[in-house]
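Since the structure of chain A is already known, use the hints to place chain B on it.
The listed protein sequences correspond, in order, to chains A and B.
Each residue of the first sequence is one higher than the last, beginning at 1 in this note's numbering.
Each residue of the second sequence is one higher than the last, beginning at 288 in this note's numbering.
It is worth saying that the hints were derived from the structure and are not from the lab.
Please note: incorrect hints may appear among the correct ones.
Label-pair distances were calculated between CB atoms; the ranges are [said to hold, decoys possible]: (1) B/554 x A/16: 52 to 62 angstroms; (2) A/105 x B/643: 28 to 38 angstroms; (3) B/565 x A/52: 20 to 30 angstroms.
Since this is a predicted model, take the numbers as computed values, not measurements.
Cβ atoms here follow ideal geometry from the backbone N, Cα and C, with glycine treated the same way.
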Amino acid sequence: MTYRLLHKTQYDYSENVNNYHGLACVMPQNTSRQIRSDFSLTIYPVPDEIYTRKDYFDNTVHYFSIHKPHNKLVILAKSTLETHPSLHPDSPMTNKAVREKLRTDPLLKDALLDYMLPSQFVQWDDEIRRFSLDCFDDHEPFYDSARLLCHKIFKQFTYVPGFTTIHTPLKTVLREKKGVCQDFSHLAIACLRSMGFAARYVSGYLETQPLPGKEKLQGSDATHAWVSVYVPKVGWCDFDPTNDLVPQEQHITTAWGRDFGDVSPLKGIIFSTGKHTFRVEVDVIPI
Amino acid sequence: MVSESTSSLLDLYRTKLKSYDEVLTPDGTLKPHWQKLFVALEKIGNEELENRSQEIKNKIRENGVTYNIYQRPGGLNSPWKLDLIPFLIEQQEWRIISKGLQQRATLLDLILRDMYGERKMIKDRILPPELVYNNTGFFRACHDVKQPTQNQLIMYAADMARGPDGRMWVVDNRTQAPSGSGYALENRVIISKIMPELAKDMYVSRLSPFFTQAQQSIFKVFREKSDFLNVVYLTPGPNNETYFEQAYLASYLGYTLVQGDDLIVKNGFVWVKAIDGLQRVDIIIRRVDDEWCDPLELRIDSKLGVPGLLQVIRNGNVLVINPPGTSAVENSAFSAFLPSLCRYFLGEELMLPSVATWWCGQPKELQNTLDNLGNLIIKKANRKQVFRSVYGKQLSARQLQDLRAQILQNPTEYVAQEEVSFSTTPAFVDGNIEPRYAAIRAFLTATPTGYQVMDGGLTRSSVQKDKFSFSNQYGSVSKDTWIISDEAEIIRERIQLPATAYQQPHSSLPSRSAENLYWAARYSERSMSATTFLMITLNALNFQRNFGIQTKTQHIEILLKTVSSLIQVEPHFSDEKKEYFKNPYPIIAETISSDTQSGSITSSIQSFLRAMISVRERWNNVTWRTIDVLEHINQKLQQISPNQNPNDIQNTLNDLQSNLFTFYGIVNESIPRNHGYYLFETGKLIERILSKITILRSIFSIKTEPFIENELMEIVLMNHFALSHYRSTYKTNFEKEYVLDMILLDRQIPSSLSYLLDSLDHSISQLPQASERLSKARKAILEAVTCIKLIDVADIATVEPSTQVYEKLSIVLSHVYDLILLVSDYTTNQYFNHTATQHSITETIVDLENDL
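Excised from the complex, chain B in its bound form:
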């Protein structure tokens, strides 16, 4: 328990230390900045720390910070984990580490350039040839892919941990598409919001200059004369493990987030397929792995890349960061040769040591490995191969024997590493401050004046005590990483940015994003219409149960049938199955919660959420807060059972409706009026018009007795949010003519058909048009608007005498309905990208019987 003495937290923590810890110097004295941090933690108090820890979790959920874990049900969109205690490194030490990191980046870049060039390091016998030719990251198609920048390795990340000598050791190199810098940025945002007092008396270096200055300075090397550079961020898609971060960074930096099939190679350049045509791309920051970048020349079955990309790079018409082929130096065996390669290329000693590594392709090293197998970690040299590191000391004698045989089978494929004990660092675990192993990922970027290190990083600590394992796939916890000093940061020399904008005046909306925005709107409105009408129906049902006249139930039957024509789920209400009307709740529950039928409310919400996530970068934080709430409501919807209390159902639907309204409010109040917005509006309006018409046609299909008609008219007015407006306007009973006039023609009612159709026309008119003439979609709307506006309500309110059917109304409504369906077709055809499936064709050899 925490006592009140000022250093008790720290004292308690020190009793838990089993190995050397970040808070202590090698000689056992306390590092002053950690002391300050503990004082601050003490001041907050354990109980409040618990609260803050929960707040961090909430914030992460609200902001939608996720990490996708593969191969686990529910592993998609797992919440990101962030510890409230940051990882601290003193600025002077960080400068030394940074020098070592810069040296490494420089070295790895030289190795890459030599590997895809003369391969002198092999000819001079510094590097065994296997490390290049038997390297799954060495792509022969990239041998003549050279970018105009001096460095081929532009972004680089290194995983480090503090070794027994107190120095930072590098445990892993990330060279193709390093992830994590976006999470580091988001960690900082959250910690500075929730733990503001922690940084008391300390100065923490800022992260943003790394992104806004350093990273962009490399761009000017490419096409210096251009007025603007179009930068895209290439993602493998929403199912990738770090998709959140990709969307987050794209949005933070203002780059267009694209997937492979948003891009096309044509006339020697790369283009984005946007809703207003093709837009040239100058720079691609890629998060797609090397071999998936170009199906034509690399992995032929890749659907994540861009066919022809390598040729565009060769022609010098696009800059790809990092260029394909850079994963080669991620191969673990390189660690064994870096010291000699460093002397060879740079004539200096490697500053940051790697964990001692032996490549088993050499006889002496192989023997050493076999002799000490029980104390080593065995890895595959090529990272691509699925093989988890094996800890020798955890193996039985039998297993060791098997491993030995396995290595001997093909020694060149294995590396052995010394098992080093790294330092622990304070972590907040289950209400206590506990020592945990930690590794820090540092980020570097090439600039015209050399490599720059981000003043911060992504620290991950192990979940389990005494275990040095950090893969997010196995649930490690991240930490904000502070580079701290006692005095305010000296403003560093600013990197001169060219006086040009990096973005086009209007940013491109890729067709795929457009399509997702459109469908997000359609599904949200589909859920909204269904929810609203279902709520009204449930109200009527309750009223009928408790106060109604038992002989007059025809309107209830009509309402239930309308529910079924609006929400197409089986079983459905119909005159053939009269028994369903007696206890309608089980079917109502099904229309809400069925996750196997695509019409149900929950499946519409799910489709809505999926579409939202696919265009994550286009929504602000406020939106995500509501999306998070909607996700929770959706879980409740799924749990609704056939014998659920109707009140529960009502409450959940209420909640859903309010939050959908909140979502619309946010869209309306905060989303820029760009093409994306108007596509969203178009989708919403199309869906709204279709559902209003569906309801009207079903309710007013046949004339009923006055009492029932009255009930139905009231419901229709409620469904258009026009009941009180009607009452204050007419101050009379419901008259069919007046009601129809209001819901079809009243310009004051935002869900009257004529209002909706005018709005739809406005939205579509704001989208890029092929010519000055009316588009097919707008022609169809014009016809629909005209049809509605020419209605003579007195005439249309009459029924066919022989059948008592509202035939005139039905004809007009179904015509308008068909026209709006056409509008939907025209819109999707014009703006969305209906890419046919990509196929690769390789001519297989044909040879005929040779008669030689």
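Just chain A, same shape as in the assembly:
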């Protein structure tokens, strides 16, 4: 599929903001599943400085700063992408074999340890370990087990926007069995890492379908999150626990990291006494 992607974030401040420093992580990655042919970032007011760099995880980030009084900030990222369906990897490697491989192969361990250790939003305990245990029988293929875990989360958890915030601990999510894509992804990652596997957090977009008979509304698409697990000899394989599927053409990858903290689309520091509100609009338009 070819998509035109628009991601607009708008902040409105009740008081003027004189200085703003921001970090945007909104440029889609090039992966085996997608090729970015075009990207532009428009910021209003026009920043005094803007620098582009690759971060530690190989995502593209834009640092920018604004030093004029403003009460409205708009960040508009536009890209054109071509996406492809992912192939089902034929990996018979068992859970036991994968675990052993990750533990003992020094080069692999060096490359993957970031995604195997606890991180800011991915901490686990025995409860989470117990929850994942029955998905990872030693002799089952790892790929299928990871798929099974995502299915289990999808089956047992209810999608409830507004119930959690980014700071809700996974313990609570597990107990209440409620959350959004971010929580489900963090939980799946915690489960995988607790079992000794490497898993990372993927931020991106999902093209949504209008209700039957309705026209698609502008800005109705969404930023989305899912997980990616490392399968030896195959590479990173994506799973979407929120929708219980393997991401295909409708999933567009922006960035990956240990958890949300590494790939937050926009971080900013302002100096202000007032309040602010913000709005995000995403359009994933097939062309």
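Okay, now just chain B, sitting in the frame of chain A:
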């Protein structure tokens, strides 16, 4: 007891030794330099040593040398502790140690560069990956932060102690923002002043070249062509444990002391927000820990850092010493791998051994640790984690079991260290010379030609006997550290300094410092005005009690009401509560000592002291001596009780007034006439004018009978220090017109309103002005001066016949009062930095119900 024989002190000391000691060589012979030191100590004599020990304490207090101890009431500004006996190391041995330290610095620098680069040491299996990826000091945002200097680790400090083999062992590495070199410098200043004869027949290496030559030589690497480099010293603020040292070093080196919000990133550079605008910063020496340096990319809730700093470093537009990310090698587990890393990176053996360390993330080492738990010290690998070292031998069987379980839960997080017995060194404890364990912190700095070691260090000895523990947080005692030789120091090759100045022609006054100077002045003057007037009132009260006419007390009531309008504390004197006038002392005591009401004298003094400490680096030693006295007087003020003897109160106030005068004298005689000085003067004058007017309006509000008027006029003249001047000028009784003329208009009286207003205008005119036109503040002063100078005293001294109120006087005074309040507003708005609170905004993910 000390006998007269020449070596008795030493003999006595030797009987106390339980383990090997610094005074002895491994084969048990006495080291000659220690012998010399003991001879010198003997000569001084025990009794005099006691005196000197006290003198050191006094000096430390006078100089305001403090260390902030967290989590203890009164722990802020705890006095620094310094032993009168220095720690001695012979120069030849020091050269060998220095080589080992230089090797370590070089090695740690290579490790850091590899860690934030290719990570070859992991790929080549020299270092387990956990030590990098599970290291709380490894900041992924710093992976592309590279400075233009060859070394990324610029300042380095190592804690060492002498091991059983007689060699120095390294017990800890400090790599992000090493503290202690300033204390080492101050220790030297104090010991050389108070114990001058100790160094007899010995040559002690100087410390200053390390600061003035070595440290600065690295600067030239950065921006070689620039005429001057603006260097700032970034402190976390007055509550940080080593704030004293930070202010001390900034002032010693002539760098501007700043906090995070004094700096701003703009147009690709870092700037200081100074009272005359933004000034570019070239070099930041930071004492803010790694993760707090940049809230945008590191710890998002940090208010101590500078948003955008990392990007400026990446762009090569500022040099940060040390760059963020360097704390990674402070992780204790590295000690276990340094020998192999040293062979790997340098192809040589590690010269200075670390204490034997095992990282529990490896199966063999874990097993070894578990098998010997009772004899080991257990630490967390990551220093950030709150976990005090556990000594296995101090644990019960049950506790050992718990510890074992704890380690097994997550072995990679623990390291085990051998418990080594280190050497003791002579320390002066409670009047005797006792052996105490000691550790020495050595300081290194990168120069263009390699790492340089400071010829000296900060030695700390344990408080308790037989305990090897040195954290200042637990009360260890520091020692001056002497690198000594028998011959005068060979003048070393001087490091060539570039022929440029490091400082701007006029150094920047950060807005925050400006604000603190201004408020220090306002609070000192607020205390001064209140004290002066209260003293006069107490005098009048005493006189009235003892010699007064009991029916004529109206002036006393007016004075007491004036006290209440000047010092706004509850309960206050008013006509509604006549009973207060009968026994005014309890309320007077409250106006002095209430620490819950912000108007009281003691709380003004406290605000004054706080503001002073926040700009500690701007005051000289003489000032601190007086500040120390004021702190003590303040303690007395706080103890004043409602039924205190009035004489005591008088005496304490007297003391306070004299020392405030001393403080003003020091400011006047010794402070450079820069922007800071003029802001101080501005604050002082604004406060003085406001309080003089408050008093005048309250005293001359309504006409009273001649006797009372006379008393009041005398008091007003006293309050303006003009009584004798009046008497010698007029040689008559008090006349309202003459009195008002003198206190409002007399150019010879430094506290007449017209004199004060002219002085205020002068001070403000010396501050940076936005344009050649009069500023709003100066316009307001001009109007106030004109109002006062146009006064016709004969006219203004009259009262409104129907009410007997001094209405004309009141109108003029209240108008001037309002104008001066405006001056205060304009000044604070123009020069001070009213930074709005910093907020971090992270977009949380929003997603809508997906209908797939």
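Quick rundown of the hints versus the structure:
1. Roughly 20 angstroms separates the CB atoms of residue 554 of chain B and residue 16 of chain A, a value that falls outside the hinted 52 to 62 angstroms.
2. In this structure the supplied range 28 to 38 angstroms holds for residue 105 of chain A paired with residue 643 of chain B, their Cβ-Cβ distance being about 30 angstroms.
3. Look at residue 565 of chain B against residue 52 of chain A: about 26 angstroms separates their beta carbons, and that is inside 20 to 30 angstroms.
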